[in-house]
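Undergrad: Residue numbers (the working numbering), protein chains in the order written: chain A, 7 to 171; chain B, 10 to 300.
Careful: at least some of the hints might be erroneous.
[Claimed, not checked] Where chain B lies over chain A, by a calculated footprint (3+ residues, C-beta under 8 Å):
| hint | region |
| --- | --- |
| 1 | 33 to 41 |
| 2 | 48 to 57 |
| 3 | 68 to 79 |
| 4 | 110 to 120 |
| 5 | 123 to 133 |
| 6 | 148 to 161 |
It should be emphasised that the hints constitute simulated quantities derived from the structure, not laboratory data.
Heads up, the beta-carbon is just placed ideally off N, CA and C, and yes, glycines get one too.
Here is what each chain is made of, one letter per residue.
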Amino acid sequence: MTRPFLILSLATVLATPLAFGQDTVRVEPTAFQGPRPLASQTQASVIRDYLDAWKSLSAALDQNRPDLLGQDFVGVARDRFAQTIEEQRKFGLSARYLEPSHDIQIIFYSPEGLSIQLVDNIEYSEQLLDRGRLVTTQPVRARYVAVLTPSEVRWRVRVLQSETQ
Amino acid sequence: MNRWLTWAVAGLILPVIQPALGQSGDLNLPRTVVAGTALSIPVAGSGQAVLYIAGPSQVIRREVMPGQPLSIAAEELNNAGHYVVALVTQSSTQVGQFDVVPSTQPASLSFLARPSRLPVGLQNSISGAVYVFDVFHNLITTPTAVSFQLSVPAGATQSRTVETRDGAAWTEMDSTPKEGNAKFVAQAGSISTTRVIQEVPGDPCGLKMSAHQVGDKVQLATDPLQDCSGNPVADGTIVTFTESWNGSQTSVDVPLKHGIAEAQVPAHDGANISVATGVVMGNEIHWESRE
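Based on the provided sequences and hints, a complete structural model is requested.
TA: Spelled out as structure tokens, the structure:
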């Protein structure tokens with residue numbers, strides 16, 4: 007095995023823990039399907055924009071403000087979360103997603119470069135409040151699948167869907 | 010430091026909590042519910058209660074009478090995701106979690122195909138990527154067979170079947186030898202989506218001209234231009250005739266018309282006349298007057 011290949015292999019095998027604000031973020035080596043190479047700059051942009059989207063979503067669901075979704079979400083994801091906020095407002099509810107711990111892996115980069123897919127094994131505490139009164143706090147471990155598409159200046163989340171890990 | 014201490018303590022406690030949550034905590038909940046199906050949650054105790062079902066994708070709040078099961082009607086809980094549940098009575102709170110999972114029946118496809126126009130006969134030059142969704146536009150993450158077909162009228166069909174991974178499938182195909190509008194179809198279950206790929210002739214192959222004298226000119230004409238697969242090259246393609254004689258050079262650019270390019274150049278004994286289009290060179294004629 008040649009030396010450059012060995013170095014490259016180590017670099018891709020080691021997961022990368024990163025600090026994004028107070029969140030814990032771990033980025034796994036990419037293991038994606040598809041023929042299109044993923045530039046490191048693109049990967050960094052996707053991860054950054056995805057984490058920004060989570061912050062926007064948390065704030066939007068906490069404050070019941072759908073306007074906070076616009077920059078980071080598009081299509082079905084934006085419509086769906088806006089609808090949740092509308093329901094929360096109607097019921098007098100709000101939700102907090104606290105101390106998320108992300109474990110992210112990019113799994114698909116479509117050949118034409120117009121979509122990228124990642125999975126995020128995430129842990130957080132979900133607090134549900136009814137008219138400001140705490141109803142429940144529950145630890146959640148879930149596997150999120152996200153599809154992001156490029157817009158003018160950033161990647162925006164088009165699909166964000168969870169299931170139990 | 011405090012944060013690490015919190016996580017360390019959580020690490021000790023979570024293994025105890027998680028098995029209980031896996032069984033939906035105090036509430037008797039199914040582990041998974043298919044999106045859009047009805048759900049019944051038994052409610053124990055006395056007095057009024059409020060049931061909450063909450064996740065980023067949907068939230069439900071319902072006042073319930075204890076002793077009566079709470080019914081979530083079909084097509085009420087449609088959005089796939091992980092949900093926390095709390096049943097709050099005056100004296101207690103029961104909790105649980107469950108997943109709403111997508112239906113396995115595809116209802117729509119998001120089909121990205123590239124490019125929209127390309128020359129014939131190129132390997133792995135057409136790509137298609139598909140995301141498969143159910144009727145509620147949930148991404149179907151269980152493996153689903155997607156078939157891709159590329160065909161042109163009166164040409165062979167290329168087919169490939171790919172299984173989705175986490176809702177996505179992709180393929181690459183060759184552009185066909187025959188020009189025309191190719192139909193690129195992706196199908197999952199009974200749902201199909203079509204994109205049209207315009208396949209145009211490639212570079213001309215075997216460019217050849219002939220010459221004959223007309224008065225004091227040489228009349229030049231190419232044979233009908235075709236690409237290497239036998240497709241006629243599009244009219245309007247520029248063909249260049251060049252005459253070199255006595256140290257000077259004259260070029261004439263003409264567009265292809267009805268598959269043929271024609272031009273006249275002065276008849277000079279000893280002139281060399283060549284023809285080219287794009288990067289493709291044709292034959293060369295050494296002109297000698299036949300008079």
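Undergrad: Taking the earlier hints as the rules, which of them does this structure contradict?
TA: Hints 2 and 3 contradicted; others consistent.
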